[in-house]
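Following the hints, position chain X with the ligands against chain W.
Chain by chain, the residues run as shown.
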Amino acid sequence: MLEVKNLAKSYQKDKPALTDISFKIDPGNFVAIIGPSGAGKTTILRSLNQLIKDDAGEILLDGEDIRSANKKELRKLRRQIGMIFQNYNLVERLTVLENVLHGRLGYKSTLAGVIGRYTEEEKREALDLLDKVGLSEFALQRCSELSGGQKQRVGIARALIQHPKVILCDEPIASLDPASAQNVMKLLKELTEEFNIICIANLHQIDLAKEHADQIIGIRHGQMIFNDTADKLSKDAIAELYGTSAAKELA
Amino acid sequence: MKQPKVTAASYLGKKRLVQSGVLALIAGIYAIGCYILQFDTIQGTLSIPKAFAWLAINFMPTQSSMSYLPQIMEKLFDTVLMSIASVVVAAVIAIFFAILGSKVTGINKFMQVLVRGIASFFRNIPLVAWAMILLFSFKQSNFTGFLALLLMTIGFLIRAFMEIIEDEAGEAMMALKATGASYFQVIFQAVIPQIIPSLISWILYMIENNVRDATLVGILTGTGIGFIFDIYYKSFRFDAAGMTVLSIIVVVIGLETLSNQIRKVIL
Ligand SMILES: Nc1ncnc2c1ncn2[C@@H]1O[C@H](COP(=O)(O)OP(=O)(O)O)[C@@H](O)[C@H]1O
Ligand SMILES: [Mg+2]
Numbered sequence: 001m002l003e004v005k006n007l008a009k010s011y012q013k014d015k016p017a018l019t020d021i022s023f024k025i026d027p028g029n030f031v032a033i034i035g036p037s038g039a040g041k042t043t044i045l046r047s048l049n050q051l052i053k054d055d056a057g058e059i060l061l062d063g064e065d066i067r068s069a070n071k072k073e074l075r076k077l078r079r080q081i082g083m084i085f086q087n088y089n090l091v092e093r094l095t096v097l098e099n100v101l102h103g104r105l106g107y108k109s110t111l112a113g114v115i116g117r118y119t120e121e122e123k124r125e126a127l128d129l130l131d132k133v134g135l136s137e138f139a140l141q142r143c144s145e146l147s148g149g150q151k152q153r154v155g156i157a158r159a160l161i162q163h164p165k166v167i168l169c170d171e172p173i174a175s176l177d178p179a180s181a182q183n184v185m186k187l188l189k190e191l192t193e194e195f196n197i198i199c200i201a202n203l204h205q206i207d208l209a210k211e212h213a214d215q216i217i218g219i220r221h222g223q224m225i226f227n228d229t230a231d232k233l234s235k236d237a238i239a240e241l242y243g244t245s246a247a248k249e250l251a
Numbered sequence: 001m002k003q004p005k006v007t008a009a010s011y012l013g014k015k016r017l018v019q020s021g022v023l024a025l026i027a028g029i030y031a032i033g034c035y036i037l038q039f040d041t042i043q044g045t046l047s048i049p050k051a052f053a054w055l056a057i058n059f060m061p062t063q064s065s066m067s068y069l070p071q072i073m074e075k076l077f078d079t080v081l082m083s084i085a086s087v088v089v090a091a092v093i094a095i096f097f098a099i100l101g102s103k104v105t106g107i108n109k110f111m112q113v114l115v116r117g118i119a120s121f122f123r124n125i126p127l128v129a130w131a132m133i134l135l136f137s138f139k140q141s142n143f144t145g146f147l148a149l150l151l152m153t154i155g156f157l158i159r160a161f162m163e164i165i166e167d168e169a170g171e172a173m174m175a176l177k178a179t180g181a182s183y184f185q186v187i188f189q190a191v192i193p194q195i196i197p198s199l200i201s202w203i204l205y206m207i208e209n210n211v212r213d214a215t216l217v218g219i220l221t222g223t224g225i226g227f228i229f230d231i232y233y234k235s236f237r238f239d240a241a242g243m244t245v246l247s248i249i250v251v252v253i254g255l256e257t258l259s260n261q262i263r264k265v266i267l
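Protein chains in written order, with the working numbering: chain W, 1 to 251; chain X, 1 to 267.
If you're looking for bench data, these hints aren't it; they were derived computationally from the structure. Wrong hints could be hidden among the right ones.
[To be verified] When the alpha-carbon atoms are kept at most 25 angstroms apart in a straight line, the in silico BS3-like pairs for lysine-lysine are as follows:
id, chain 1, residue 1, chain 2, residue 2
1, W, K13, X, K15
2, W, K53, X, K139
3, W, K13, X, K234
4, W, K186, W, K24
5, W, K72, X, K109
6, X, K103, W, K71
7, X, K103, W, K72
8, X, K109, W, K53
9, X, K14, X, K139
10, X, K109, W, K71
Chain W with its partners taken away, still in its complex shape (with noise of 0.2 angstroms):
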């Protein structure tokens, strides 16, 4: 279970980006984070794997509290934890077997890792997860040759060979077409009860969270005023996020 408690982060001073965030998340829950552009969103995200230093509060994962873990712990608790990005960060000159592979660095000596040295059941569940999302046939081409579909499907794979507990998602569908962010989206939520994982995604679209997600937190000014199951969101709730005019627009 992902616990977060209290969760406060400003990057200057007297502007909070964040103020007293907490929620619950259980295994097997895809939950969506909706609210403006500049609400906080990717600054939760990213203080939950500890890519931003946060000012205060708890973020226990199955209790292990990772603000309080030092290098070598940070690091353990990071390989729990999957990132999907809205531009895919792959390592675009590898091929995609190899952008899957570095899910596994995490685990590997520093050595192992800096020369690229897999073992076999490594290289072996790499192409079974690329089977699963559907890209086994481009396991030994570059990153840059595919579509922005495939690129993200990459990133999901490499995430899935962390064994992660959590995926974060910023974005993840918003530099794709309509057919595969819906291809994307339905994969995620798959794979989320598949494997029993915790995935939280950072939305724009209010009506492909309301279709996916079990869970919606909506964010504005950096403070939760949402987090309820999917089916609760109402007009006014969105409306309260976004403002009137936009729920109006949306409804």
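Relative to the frame of chain W, chain X with the ligands by itself:
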């Protein structure tokens, strides 16, 4: 819809006014500059065709200049090798410093400032000054020329490599860091593979550039192609000097074509 405060017509009018003002200012600076330097624009312009005619007649290689070709080629070959060596060594040193100093891979703020300082120090001392300074310690030798090129190239490449790392490696780095990869794993698995094409592109560019610069350095350090150009020139063998310049141009263009081909393949 709110009406924009500035209409298109008044905006364009203002833009034109600013443009005319800037033009007038440049013309003014030029006029004052000519006055101070006692440079007569008309006289100067008129002498250009004459100067070129003189150059064409005196520096045009003739049939007999061909006999200098083996000597020129030998020196040119030395010069190209020296440029390649200086760039390769500089690149190895520069990548190390660039990783230490870039905003995304840098160890700490202090190192970032230090590396930026070193790079701009080496880059901003003109090549000629480097050569003159090094002449004191290393006398007229190939090594002096090599060192002068090396130091300047290091300055350029550190700066270029840092910018490449910051522009091209940040996103992939973040992804690998998030998987729990260690610093060195991130450098070797994300940063280096991601930046290699731009790296090679810069290395090729610096090799071309250094062949040109090596000519100048050679005049000062008494080595390579610059040295024989200097000798031909001072002994009034202008046709041989012209032949030398022509050979340099051919080699530089050849190198440029070759590196463009290499770029096409790797990018
Ligand atoms: N590195 C940073 N330095 C200063 N301010 C930042 C930085 N990153 C984000 N912010 C600010 O923090 C707030 C939240 O940003 P972010 O978490 O990126 O929002 P979202 O992802 O919801 O669009 C914004 O006001 C943004 O301007
Ligand atoms: Mg964001």
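Do the hints match the structure? See the list:
no.	hint	result
1	K13/W / K15/X	40 angstroms, violated
2	K53/W / K139/X	55 angstroms, violated
3	K13/W / K234/X	69 angstroms, violated
4	K186/W / K24/W	23 angstroms, holds
5	K72/W / K109/X	23 angstroms, holds
6	K103/X / K71/W	20 angstroms, holds
7	K103/X / K72/W	23 angstroms, holds
8	K109/X / K53/W	17 angstroms, holds
9	K14/X / K139/X	60 angstroms, violated
10	K109/X / K71/W	19 angstroms, holds
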